[in-house]
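Now for the letters of each chain:
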Amino acid sequence: MLFNSLAFLVFFPSFLAIYLATHGRVRLWLALFASYFFYAWWNWRLLPLLWFQTGLDFFVARRLYRMTDLRARRRLLALSLGTNLSLLGFFKYFHFGIESARAALRAVGVELPEVTLQIVLPVGISFYTFQSMSYVIDVYRGEIEPEPSLLRFATAVALFVHLVAGPIVRARHLLPQLRSDRVFDAEVATAGFEQALWGFFKKVAIADSLAPLVDPQFAAPALHDGVSLLLAVYLYAFQIYCDFSGYTDIALGLAKVLGYDLGVNFDRPYFAQSFSDFWRRWHISLSSWLRDYLYISLGGNRRGIPRTYANLMLTMLIGGLWHGASWTFVAWGGLHGLYLVSERALRPALSRGVAALRVPRWATDLFARLAVFHAVCFAWIFFRAQSFGTAAAVIHGIAGAGSLSFAPVQNKFLAVKALALVALLVGVEAASLRGFAEPLRARPGWRLASAALVVWGIALLGTFSGANFIYFQF
Amino acid sequence: MRRGALRAGLLRFGALLACVLAGDRLLAAALQAALPHSQFRFSVAEHGGLPPNLLMLGNSRAVNGLYAPELARWSQLPVLNLAYNGMSTLVAEAVLRDYLGRNAAPKLLVLEVSNVQDPHQLLDGLMCYWSASPALAELADVRSPANRRAASWFHLYAFNGEVPLRALYFARRSDQDWINRYRISDALVAEARDGPDIELGAKPENLEALGRIGALARERGIPLRLIVAPYLPEYAAHVRNWDAWLERVRAAAGSAERVWDYSRAVRDTAHFADRLHLNEVGGVPFAARLAADGFLAIDAPPSAE
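Taken in order, these protein sequences are the chains called A and B.
For what it's worth, the working numbering labels the leading residue of the first sequence as -7, then goes sequentially.
For what it's worth, the working numbering labels the leading residue of the second sequence as 419, then goes sequentially.
These are calculated hints, taken from the structure and not from any lab test.
From the three backbone atoms N, C-alpha and C, an ideal C-beta is built for every residue, glycine too.
Some chain B residues flagged as far from chain A (calculated, every beta-carbon gap over 12 angstroms):
1. Pro496
2. Glu626
3. Leu634
Here chain B is said to cover these stretches of chain A; the calculated rule only asks that three of the stretch's residues, wherever they fall, bring their Cβ under 8 angstroms from a Cβ of chain B:
4. 180 to 190
5. 436 to 443
Chain A on its own, in the form it takes in the complex (with noise of 0.2 angstroms):
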């Protein structure tokens, strides 16, 4: 089921009144039931799966914590871990592995049969293996105590609201939500409500006004001119910004109502000042979890500089391949490592270099933004394009622009509309990041007001044609 579909539309209120009349344990199973009603709406068969790795991982949980043997502590992590990461290679990465061999082996003169299996990838399998993986881990490392409920556990894993597209949501963060019932707090409610309405907007009227200036010009870049595609690497930049962050937004806006605090996925990323800045922007939930559970355990800047810039390059890696079982994934990551590696080894230099020619601090801000900014969209060319080879088409063309005349550029009408949206969404933000929100968001009229504005928005710039969301995929 999506968010943005008419079954959502009538799903949530009536799952919302039911919700709140109920207490206890009632609620926790409504929750849970509702929940793999939800996933099952997309593909039931699938439910086993979920209901094999919450079991799993709560079982393993609870004897980690009842064990005492080191040796055996980590073979049983390892089992957990072992089968987490081998259904989701399974599922995610089985014929990207078999076809990497295949034409490693190729170029070695060997030839394989290929191998064809129809796979379903199962949606938000990303999302729920790494957050049952945290909560093991936790347990292992004596951060937290075992849930002593099924019931609660395979709640926290499945809530709906997280479930498909993240936000990668910690056991240890939810799970102290589950053990009360949350009391229906007006305010809390309402700045949920206007979050998720501010999500759909991101969504619909944003991200998918956004995609026909994007999609052909990826899908066969050789058939746009320079510009075009130059436009359609900073428009994917926003779509994508705000078709994952508008389901966030959705997501957690959605929680704030039933009573959870999901904490924060995206933070204006693209008024990072550095790399380092926009990873703490970017997708929150996952650079946390690689960086607590992968980039700290492989030693993190422990055991120094070569072996930082290593662990960093590794984790972005895998934070690359994360995303999707294909090369382009994996180049976007370590597009991103090397980022983080030459940020570390470049920045006191930098610093000396500023402090010596007296620039404004401003212009210093204005030019790091910009710079990672660019630095971030040449990625994102690497994160969409489907293979190597239309990435270097995208750039082939860009490069190759003989003027940024706006002339050829098709359908003009909808490229204007798109930098306008573009340019709300920066304005919005800008504001915020400023603080001018704050004063307005304390007067009810100016808050019902821009909520009314933003379903008005959604009215009149909305595209209802059922959309999937971009983080599905992964």
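Place chain B on chain A using the hints.
Below, chain B alone, put in the same frame as chain A:
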């Protein structure tokens, strides 16, 4: 306490709903009132009172292939190019019926017939005109009932899409000089040249609509010209069923209407914006050619071939 919070939440939601609905009605009414005063083609038609003119219908190939300013110059008639991107014959029929309900019958009606292939998405694109256009509304009742309901519940939804924005953009200036002003890239020409063979199709409901347009024109005494605007020659070379397709279209139009086939009439790729559309460079001489061929003659319409 919890009941109080719930009541407060419901009150806030109710206030928002009331505000949203009130604004929806007010804003939509204001937009609806402003719409006929725009200089955008459909608004001009909706406003009504146009004199006998040269009226053109069709999809984007007619928008770009039948360049209104040049046709006005050559025909010495007021011209309204009422064609629009993706306008199928079925939608064109409804647009024509609504046009005739408010304006004088045109002196010459031109229909670019490659739109017999088109689906009917433009019907939804014209949502903002439904409430004042009985034929479009009737078609929407049958072809787009969900959007018809949505637009009746939430009035602003009728103004969703590209058409209302264009009407807003062209509020004070005519859109009749709208034409592609760029040239097809070499890569697109190569793609068309190396492309697969093509069978032109036609949707049955579009062919039926074409027949009804022909009958309506005859009934109202409106001279009707059916035309196929130029295709990029590299693309046209791949079409395998020109003659059969033209005959199908001609037969659907009825009464031995001639189809003026210019599909392969322009050879210079510099005259095209893409494989389907002329650009300004091509549109200007093409209008002159139509005039020279007698396509725009009204008093002595050329006999059918």
